[in-house]
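Student: Letter by letter, the chains look like this.
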Amino acid sequence: MSYLEYTQKATPTGLRKVLYLNWALIILLTAVACVGFLMLYSVAGGSMRPWAGPQMQRFTLGLTAMMIVAFTPIWFWRNVSALAYGLSLILLLLVEFFGTVGMGAQRWIDLGFMRLQPSELTKITVVMLLAAYYDWLDIRKVSRPLFVLIPVAIILVPAFLTFIQPDLGTALLILVGGAAVMFCAGVHWAYFAAVIASAGGIVTAVFASRGTAWQLLQDYQYRRIDTFLDPSSDPLGAGYHITQSQIALGSGGWTGRGFMQGTQIRGDFLPEAQTDFIFPTLAEEFGFVGAASLLGLYLLILLFCIVTAIQTKDRFSSLVTLGVTATFFLYFAINMAMVMGLVPVVGVPLPLVSYGGSAMLVLMAAFGLVQSAHVHRPR
Amino acid sequence: MKRSQKEAEDSARKITRRSMIMGGFMLLTGGILAARMRYLQVERADDFRLLAEENRIRIDLLPPARGLIYDRYGQLLADNEQNYTVVMVRENVEDVDAVLDRLSHIINIDMASLNRAREDMMARAPHVRVTLADRLSWDEFASVAVNAPALPGITPEVGLSRVYPFGADFAHVVGYVGPVSDYYLESTGDTDPILQTPDFQVGRYAVEARMEQDLRGEAGNLWVEVNSAGRVMRELDREAPVPGDDLQLTIDTGLQNYAQARLGNESASAVVMEVETGEVLALASSPSYDPNLFVRGISVAEYSSLTENPYRPLASKTVQGLYPPGSTFKMVTALAGLEAGLIEPEETITCNGFVELGTRRFHCWRRGGHGRMNMVDGLSQSCDVYYYELSQRVGIERIAAMARRLGLGVRHDLPLSGVASGLIPSREWKLANRGSEWVVGDTLNTSIGQGLVLSSPLELAVMTSRLATGRQILPQLVRTLNGVNQRVDSFAEVDIPAAHLDVIRQGMWSVTNFRRGTAFGARVTEEGYEIAGKTGTSQVRNITAAEREAGVTANEDLPWDRRDHALFVGYAPADNPRYAVSVVVEHGGGGSAVAAPIARDLLLRAMYGELPPLSAYPVGLRRDIEEMHDNMDLLPLEILRSTGRVRA
Numbered sequence: 067m068s069y070l071e072y073t074q075k076a077t078p079t080g081l082r083k084v085l086y087l088n089w090a091l092i093i094l095l096t097a098v099a100c101v102g103f104l105m106l107y108s109v110a111g112g113s114m115r116p117w118a119g120p121q122m123q124r125f126t127l128g129l130t131a132m133m134i135v136a137f138t139p140i141w142f143w144r145n146v147s148a149l150a151y152g153l154s155l156i157l158l159l160l161v162e163f164f165g166t167v168g169m170g171a172q173r174w175i176d177l178g179f180m181r182l183q184p185s186e187l188t189k190i191t192v193v194m195l196l197a198a199y200y201d202w203l204d205i206r207k208v209s210r211p212l213f214v215l216i217p218v219a220i221i222l223v224p225a226f227l228t229f230i231q232p233d234l235g236t237a238l239l240i241l242v243g244g245a246a247v248m249f250c251a252g253v254h255w256a257y258f259a260a261v262i263a264s265a266g267g268i269v270t271a272v273f274a275s276r277g278t279a280w281q282l283l284q285d286y287q288y289r290r291i292d293t294f295l296d297p298s299s300d301p302l303g304a305g306y307h308i309t310q311s312q313i314a315l316g317s318g319g320w321t322g323r324g325f326m327q328g329t330q331i332r333g334d335f336l337p338e339a340q341t342d343f344i345f346p347t348l349a350e351e352f353g354f355v356g357a358a359s360l361l362g363l364y365l366l367i368l369l370f371c372i373v374t375a376i377q378t379k380d381r382f383s384s385l386v387t388l389g390v391t392a393t394f395f396l397y398f399a400i401n402m403a404m405v406m407g408l409v410p411v412v413g414v415p416l417p418l419v420s421y422g423g424s425a426m427l428v429l430m431a432a433f434g435l436v437q438s439a440h441v442h443r444p445r
Numbered sequence: 067m068k069r070s071q072k073e074a075e076d077s078a079r080k081i082t083r084r085s086m087i088m089g090g091f092m093l094l095t096g097g098i099l100a101a102r103m104r105y106l107q108v109e110r111a112d113d114f115r116l117l118a119e120e121n122r123i124r125i126d127l128l129p130p131a132r133g134l135i136y137d138r139y140g141q142l143l144a145d146n147e148q149n150y151t152v153v154m155v156r157e158n159v160e161d162v163d164a165v166l167d168r169l170s171h172i173i174n175i176d177m178a179s180l181n182r183a184r185e186d187m188m189a190r191a192p193h194v195r196v197t198l199a200d201r202l203s204w205d206e207f208a209s210v211a212v213n214a215p216a217l218p219g220i221t222p223e224v225g226l227s228r229v230y231p232f233g234a235d236f237a238h239v240v241g242y243v244g245p246v247s248d249y250y251l252e253s254t255g256d257t258d259p260i261l262q263t264p265d266f267q268v269g270r271y272a273v274e275a276r277m278e279q280d281l282r283g284e285a286g287n288l289w290v291e292v293n294s295a296g297r298v299m300r301e302l303d304r305e306a307p308v309p310g311d312d313l314q315l316t317i318d319t320g321l322q323n324y325a326q327a328r329l330g331n332e333s334a335s336a337v338v339m340e341v342e343t344g345e346v347l348a349l350a351s352s353p354s355y356d357p358n359l360f361v362r363g364i365s366v367a368e369y370s371s372l373t374e375n376p377y378r379p380l381a382s383k384t385v386q387g388l389y390p391p392g393s394t395f396k397m398v399t400a401l402a403g404l405e406a407g408l409i410e411p412e413e414t415i416t417c418n419g420f421v422e423l424g425t426r427r428f429h430c431w432r433r434g435g436h437g438r439m440n441m442v443d444g445l446s447q448s449c450d451v452y453y454y455e456l457s458q459r460v461g462i463e464r465i466a467a468m469a470r471r472l473g474l475g476v477r478h479d480l481p482l483s484g485v486a487s488g489l490i491p492s493r494e495w496k497l498a499n500r501g502s503e504w505v506v507g508d509t510l511n512t513s514i515g516q517g518l519v520l521s522s523p524l525e526l527a528v529m530t531s532r533l534a535t536g537r538q539i540l541p542q543l544v545r546t547l548n549g550v551n552q553r554v555d556s557f558a559e560v561d562i563p564a565a566h567l568d569v570i571r572q573g574m575w576s577v578t579n580f581r582r583g584t585a586f587g588a589r590v591t592e593e594g595y596e597i598a599g600k601t602g603t604s605q606v607r608n609i610t611a612a613e614r615e616a617g618v619t620a621n622e623d624l625p626w627d628r629r630d631h632a633l634f635v636g637y638a639p640a641d642n643p644r645y646a647v648s649v650v651v652e653h654g655g656g657g658s659a660v661a662a663p664i665a666r667d668l669l670l671r672a673m674y675g676e677l678p679p680l681s682a683y684p685v686g687l688r689r690d691i692e693e694m695h696d697n698m699d700l701l702p703l704e705i706l707r708s709t710g711r712v713r714a
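Chains as they are written, first to last, in my numbering: chain Z, 67 to 445; chain F, 67 to 714.
By construction, these hints were calculated from the structure, which means they are not laboratory data. Check each hint, because a few of them may be wrong.
[As the list claims (entries may be wrong)] The list that follows gives simulated cross-link-like pairs (lysine-lysine, BS3-like), each with its CA atoms no further than 25 Å apart:
1) Z:K379 x F:K72
2) F:K72 x Z:K83
3) Z:K83 x Z:K207
4) Z:K207 x F:K496
5) Z:K83 x Z:K379
6) F:K80 x Z:K379
[As the list claims (entries may be wrong)] Far from chain Z, some chain F residues (derived; all Cβ distances over 10 Å):
7) L99
8) F114
9) Q458
[Claimed, not checked] Listed next, with one range per pair, are the computed distances between beta-carbon atoms:
10) Z:G111 x F:I125: 51 to 61 Å
11) F:E73 x Z:L366: 30 to 40 Å
12) Z:L159 x F:R102: 33 to 43 Å
13) Z:G111 x F:A101: 28 to 38 Å
14) F:I123 x Z:V261: 47 to 57 Å
Just so you know, even glycine gets a beta-carbon here, dropped at the ideal spot from N, CA and C.
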């Protein structure tokens, strides 16, 4: 059944849409955001400034954006997805040439009232375009090589533009987020197996060639990898972040040191604690109980999203929901794995908790798409 | 695109299946994350907790207050005074030079030492505290505190610093403290972590050095929470330092001060002991120097003026100086003869001015000879020939054994620096060290304290105490440590028959009280205060036969360092000995003329406990003595009478 078939008869209109919102999801999102406010308050040494206050405003803004997106019919979003994708590509190019350099990377365009990070936007527009593509594509052609190459191109172009900013973390999110949509759309598993196998092969080749005459990376690049694999080998240099992060996490114990009692954060031992390294702060002050609870909240959000995806019989709605879900999952999974020393440090924030304007706004808008799919699903 | 019902259902089923797979993968990842969380936060929590504590907690050492040093009456000899310092940590200071420049306008600080501190600071880690200036006045200290905002990294601090109120009087006894050098750490093997703190001072000389472990105390600990920059955020816990033990010496400040003043600018030393207890009342060595210079950091010019002075002010001559004892050794030879039964006290030996041994003549100091001498005469007139004859009968072994029994050639280890042991030569020693056989001439020289024999003033004082008491007196310098008695209470008999000692004491009495005694000029006329003793004049050069033929050159005509040493040992009161003294004036000339009057004055000062009355002196000397008293720069009586703060 396509959207055209249920457009007029089953969708709620006007204020009734409010009743059809996925309220559980909203409550869960708000709960996670509140954890963020709490931690930002703590990181600032018990102050709303400079982070917790603005973060609340942004969340409110984000909620509003989510509502607007949610009340707009899902087919509207399908129709504009190509436009949105094109727009985000243009913005990415603009950043490339006119962007502001921050933290050694060109990431945002200063719009005056806010800084726009096009790469954040791109994560969602790629998912939207892919979902629209598979909605349009004949299901039987999904796994044909030519029709696999098209979405691969859709993913690779913005991923590459993001990567050269350089912003490895976001590029990775675009790449894997897009791949997740392709996977859910039913692309034959052999493609994924081939990609994973060749990636594994490259990694093996990189390590196997080390020390030989034809080694694939420079020595310093190997040393970076060493530092990742064993942070204690360079505790004051590149390993400092991850060592201090694990100390903060580990010293939390079962129940933590208590709110505002984290010594790692009080003593400035943990850098970037308001952005990428906010999770260790939570873990230090609220212990395993607090950290696992946040993980639980995240997993519940995933659950509600997947249920929504299955409930909507419309292909675009399902795929866009799953794409947003996958992106959200990648966000927190990479961030947590990174601060716990499971993967290298790539700049990925903890969604809804880390301090950051565009990321929060875009993520809430993306959940708006999920809500829209939920509100406008056939009943 | 319009799809068939079946197609739509297939699509939905496929999406459901794939989303289930994806969800399963997400759940699995969540499980891995949770497991990792559990591993870090539960299983390894203790490890990380420890690392976090190491991160945030720094232990600072709190230096202990050094133990104080008192004299026997509780007079403070070494005190700790408040020291206002300026300390800098260069970490977080952008422009170190600008800050130092500003500081130099606020306090009076010389550029050389400021530059030295700057180099020191730059050479060390950024968070290390470096002292820029110390001993500031209160005004300077306050102005640094007021200007703190303009002086980032700089803090005014109050520390404790050693001060020696009596300065040069006690340099050779109490010594001084100084900074911890690498050499100090290596040579002592001391691993006390407090030594690593900048500006900590340890005893470097004499009692301060030898009693270091007792005086130092134990460092306290201060646990502070620091941030990643090393800045202290709050104090967590404090363990107070344990102050060092207080020390009470046997020294009498008034006597010590008098002794130093009496020695004046001579290169000389004197020891005053209580004969019964062995307590050392004065250990004077001159010239002296101000030990406070070493605490503050002595300048190169000041230091080289001390090392280049031919009178060797840095040497503590009482224990480090070794001199031929000369005639003060004659009591040893006499006692050895009596003990061996090879001479009777009344037996006479005729002195013709020399003894011939083979082709060599051994001269008496008196060219014409003394005539017939018994033992008392031999001592009182210090006849060399008497001892030349006697020593040939007795032999070196008996003389050496007697010398050791009387405390010569034995290291009396007072807690002072460089305590030397004298030398009592023997056949074996000469063969081993000089490579030649012992000859009778060596015995003759030894019998009058010349030749190879060497003694320190401390040893001579011990010998005198043993002669006066007949017991094996050992010198004592520490009365109490932390209130606990450190002295030896009783001494064994020296095991010499009283009759023998009486002869010797009678001889020593005659030296100062018999008209023909060598030190009759240094007699005491007040009854009950008479002194007994023995003069000594030891040659530091050989007098050739040719020179003797032409007439021995008078001391005054020789260059200073070729003149004879003047010695005197004695005790008083002669009939009931309480104090023993030994005096050595390097290259001072004759013992009777130079050393005996000093010894007399020290014994009188010890007996009276204040400046002796003129009535104690022979009438002819009183005017000179009065003049001498007037010219002496002594501590005022009210200082000596005000006792210090002895801890019970």
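Student: Hint by hint, say whether it matches the structure.
Tutor: Hint-by-hint comparison with the structure:
A distance of roughly 12 Å separates the Cα atoms of K379 (chain Z) and K72 (chain F); the hinted pair therefore holds under the 25 Å criterion. Distance check on the hinted pair: K72 (chain F) and K83 (chain Z) sit about 30 Å apart at the alpha-carbon level, beyond 25 Å; violated. Under the criterion of a C-alpha separation no larger than 25 Å, the hint pairing K83 (chain Z) with K207 (chain Z) is inconsistent with the structure, at around 36 Å. Of the supplied pair hints, the one linking K207 (chain Z) and K496 (chain F) is violated, its CA atoms being roughly 117 Å apart against a limit of 25 Å.
Taking the CA atoms of K83 (chain Z) and K379 (chain Z), the gap is near 19 Å; set against the 25 Å cutoff, the hint holds. For the proposed pair K80 (chain F) and K379 (chain Z), the alpha carbon gap of about 11 Å is at most 25 Å, so the pair holds. With a least CB separation of 5 Å from chain Z, L99 (chain F) falls inside the 10 Å interface cut-off, contrary to its annotation. For F114 (chain F), the requirement that its beta carbon stay farther than 10 Å from each beta carbon of chain Z is not met, with the minimum near 2 Å.
Remark: the non-interface label on Q458 (chain F) is consistent with the geometry, its nearest Cβ contact in chain Z lying 83 Å away (cut-off 10 Å). The hinted window of 51 to 61 Å between G111 (chain Z) and I125 (chain F) is violated, with their beta carbons roughly 25 Å apart. Judged by the Cβ atoms, the range 30 to 40 Å given for E73 (chain F) and L366 (chain Z) holds: they are separated by roughly 33 Å. Against the hinted window of 33 to 43 Å, the Cβ-Cβ separation of L159 (chain Z) and R102 (chain F) comes to about 39 Å, which satisfies the hint.
Look at G111 (chain Z) against A101 (chain F): about 33 Å separates their beta carbons, and that is inside 28 to 38 Å. Between I123 (chain F) and V261 (chain Z), the C-beta spacing of about 49 Å keeps the proposed range 47 to 57 Å intact.
The earlier numbered hints that this structure contradicts are 2, 3, 4, 7, 8 and 10.
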